[in-house]
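Colleague: Below are the chains, spelled out letter by letter.
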Amino acid sequence: MRNLLEIKGLKVNFYLGRQVISAVDGVNLDIACDEVLVLAGESGSGKSVTALAITNILPRSARITGGEVIFEGNDLTGALEPDLIKVRGKEIAYIFQEPSAYLNPVYTIGAQICEAIMLHQNKTAKEAEEEAGALLEQVKIKDPGKTLLDYPHQLSGGMNQRVFIAMALACRPKLLIADEPTTSLDVTIEAEILGLLMDLKKKIGFSLLFITHNLSIAKRIADRICVMYQGKVVEEGARDNIFASPQHPHTRELISAYEKIGKI
Amino acid sequence: MVSYITRRLLGIIPLLLGITIISFAIIHLAPGKPTTLEQSLNQKVSLEARERLDKLYGLDKPLHIQYINWLNKIIRLDFGRSFGDNRPVFNKIAERLPVTLAINILSLFFIFLVAIPIGIKSALNPNRAFDKSATIFVFLFFAAPTFWLALLLMNLFGIKLGWLPISGIKSLDFEYFTFSHKLLDLAHHLILPVFVSCIGGLAGLSRYMRSSMMEALNQPYIYSARAKGLTENQVIRKHALRNAILPIVTIVGLAIPGLLGGSVIFESIFALPGIGRLFYEAVMMRDYPLIMAEVVLGAVLTMLGNLIADISYAYVDPRIRYKNNS
Amino acid sequence: MSRKLFLGTLIIAVFSVIAILAPLLSPYDPSQIDGANLLMPPSARHLLGTDSLGRDILSRMIYGARISLSIGIIAVGIATMIGLIFGSIAGFYGGLADSLIMRFVDIMLCFPAFFLILAVVAILEPSIFNIMIIIGLTSWMGPARLIRGEILSLKEREFIQAERAIGASNFRIINRHLIPNAIGPVLVNATLGIAGAILIESGLSFLGLGVQPPVSSWGNILIEAKSTLGIAWWITIFPGLAILITILGFNFIAEGLKEKIG
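Going down the list, the sequences are from chains A, B and C. Count the first sequence with the numbering used here and you get residues 2 to 265, in order. Count the second sequence with the numbering used here and you get residues 16 to 341, in order. Count the third sequence with the numbering used here and you get residues 319 to 580, in order.
Excised from the complex, chain A in its bound form (with noise of 0.2 Å):
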């Protein structure tokens, strides 16, 4: 398998106020075509940071300060700005934790998936727009007509997520980026999104990464695990191996972590 994405010795720091805090630290991370690499970790580990370095999305305050995010052959970590928004939504898509945060509450969905649409393909408003509620056919919403003009505030967090996942993929992307996407939902709307991710993903094609601190999650949908701790990657193969023979305590704490879980 060739490698789509590969992440060598990746630093991130913020910079709040005099103080620089390390939130990344020398990550070293590969995901080959079509694969599903599960990040996990706990919160503050540095994986929501790493998903946002990738296509240089930081917050302001944050900086890559070292290593490189090998993208198709291309750096991107060196790449300018013209050349990143290319990349951006059209190639590597991101879908987030609190959908119902991360859509614009001031526009519909309509409007926030034809945008996505028109700005990296070659189409006038009507056909975007159509293709929009094909795309929300796609992630099984019921009525996507009414739904293209419904506003974020009045659709559940589940449909958000959907909605979400349409304009993710809006065009195509190589590499679908979920940072916590079920975090916030519950038990069975959770169930739901990830099977619908993974049927997605096997009729049209795309890579996995997948982040999480739930390793039940990792457990359904993984082919490889990394687990971050406090910065840096500690552990990393197939997700079996993984789970037979933890190497790292933290990778034995977010399994039994999982166990405990699973026992209630």
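It is worth saying that the hints were derived from the structure and are not from the lab. Just so you know, not all the hints are guaranteed correct.
To be verified - Straight-line distance between alpha carbons at most 20 Å, and here's what the computed DMTMM-like set of lysine to aspartate or glutamate pairs gives:
(1) C:322 / B:146
(2) A:91 / B:247
(3) A:87 / B:247
What the hints assert, rightly or not - Here chain A is said to cover these stretches of chain B; the calculated rule only asks that three of the stretch's residues, wherever they fall, bring their Cβ under 8 Å from a Cβ of chain A:
(4) 158-166
(5) 241-248
(6) 325-334
Unchecked claim - Partial list, derived from the structure: chain A residues whose beta carbon lies under 7 Å from chain B:
(7) 58
(8) 89
(9) 95
(10) 105
(11) 117
(12) 135
Ideal Cβ positions, reconstructed from N, Cα and C, are used throughout, including at glycine.
Please build the complex by placing chains B and C on the supplied structure of chain A, with the hints as guidance.
Modeller: Same frame as chain A, but now just chains B and C:
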């Protein structure tokens, strides 16, 4: 949306009642009790005022009857006659209102025009040179009494440089000017007053816009917008700005009492024939019917301003416009 | 202590000392009329010049500091007390009391404060005492809303629930827990309020409807500024600067406190 507006409209009824009751209570602070008459320096004026008040409000009747009679009159916009020239108070206010409205609307326009870009620019580069100097100006403008700034500006532009007129709204030979010349003359006279009445609002709104924009820029949907592949410019214009600017609508409503209060001071300084100066004159002459009418009018204008601001906000913000119809 | 808080405190401390020691510091009797020295520019004899009656501006300003500062502080004291009472009743008891009080707040907020103050002054005659009370009575709504909001959020916190569970009286809870906890934001609000009250007083006095001569306040020294515009710059500049610096001082303290509370 419709139910929201209905609710807001019904809400003004108790407000109007409250406004009139408080205004009515203030009238009853007026001289009339024997003690205040004795202490008053000018007994003759007070006695005369007292008689006229008696006639106007029927002060010999029980309180609730007095209130209802008075309410009955002011609903029909009958605020009585001025003690000064015996003309209906309503007419006196009506002829002065346009000047005040014009100045305040112009001020609001310039406040928005200038403060919003300043706030945005500050928010985009916080703690940089521009933001820091804007902050210093805001602090100074907040701290300086407007009438004092007016005096300084009058001294500089009116007296030292002689560029701008410092009093009145038109030149003495206004009647002989052509139409465009008249407009220019009015504008010329309004530069200083409008500038002075802008200052407080300018400082306040630019601060508000700064924090509103900074907050918007930190919202999760900004990350989504970047992740989509929008340029930073598009992210700011399409996604942050729209959200940051919506709440500004409500500021218009909140600004009204300050602007009206301020108009008393700067209309007096610049000798402008608006309701602020009229109010000042009424206070100086103890022209109670005029004072009360202005107090009621000021409160009603503020209330209407708030109402319009709230309804417009509900209209521009989809979260209120389409409240949970699911 | 932050730079702002330090600077603000320093400014206000200096002005307060000046106000307290006014009789010792002022070079002349502030109402001493001197026909031989009308409208004198600043000189060694009159550091900040004299007004059109020959009164020493510096002395009038030193005594004016007393009036302006005490009006600001007492007016805000009144407003904060009223706000504290109404706000804690509304926030703590909720229900009918809350809606009645908050409606009253809404109604009061409709009146342009300056209109209300002027109307009352017109009727009651301006005096220092009346001005303090009127400013206080027209500016308690902000503190009331603030305290109500603080209390509503504190009420849900665990230690209050615990107090309730052990059967503490409402009065005890308000007095011992809620008010001490809400005091920070109230202090910030009060500091800004003093600045606002001093501005209102100066405006009123400038219009001739505030502190009445011969007593001096910073605002009423400025009454002469308009008629002497272009003739006696010192009458305009110095009292205005005193107001500006004092307001800056209070605003700095408020900002500094706000940063400290977080």
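Colleague: Are the hints correct? Go through all of them and say.
Modeller: How the hints compare with the structure:
For the hint pairing residue 322 of chain C with residue 146 of chain B, the CA-to-CA distance comes to about 17 Å; that is within 20 Å, so the pair holds. Proposed proximity of residue 91 of chain A and residue 247 of chain B is supported: the alpha carbons are some 16 Å apart, at most 20 Å. For the given pair, residue 87 of chain A sits about 13 Å from residue 247 of chain B by alpha-carbon distance, which is consistent with the 20 Å threshold. Counting residues of the stretch 158-166 of chain B whose beta-carbon sits less than 8 Å from any beta-carbon of chain A gives 0, not enough to reach three: the coverage restraint is violated.
Check on the stretch 241-248 of chain B: 7 of its residues sit with their Cβ under 8 Å from a Cβ of chain A, so the three-residue criterion for coverage holds. Counting residues of the stretch 325-334 of chain B whose beta carbon lies closer than 8 Å to any beta carbon of chain A gives 3, which reaches the threshold of three, so the coverage claim holds. With 7 Å as the threshold, the beta carbon of residue 58 of chain A comes within range of chain B, its nearest partner Cβ sitting at about 4 Å, so the hint holds. Because the closest C-beta pair between residue 89 of chain A and chain B is about 4 Å apart, less than 7 Å, the hint holds.
Because the smallest distance between the Cβ of residue 95 of chain A and any Cβ of chain B comes to about 4 Å, under 7 Å, the interface hint for this residue holds. For residue 105 of chain A, the shortest C-beta to C-beta distance to chain B is roughly 4 Å, which falls under 7 Å, so the interface hint holds. Restraint check, residue 117 of chain A versus chain B: the minimum CB separation of about 5 Å is within 7 Å; hint holds. Of the supplied interface hints, the one on residue 135 of chain A is violated, with its beta-carbon coming no nearer than about 18 Å to a beta-carbon of chain B, more than 7 Å.
In the structure shown, a violation is registered for the earlier hints numbered 4 and 12, in ascending order.
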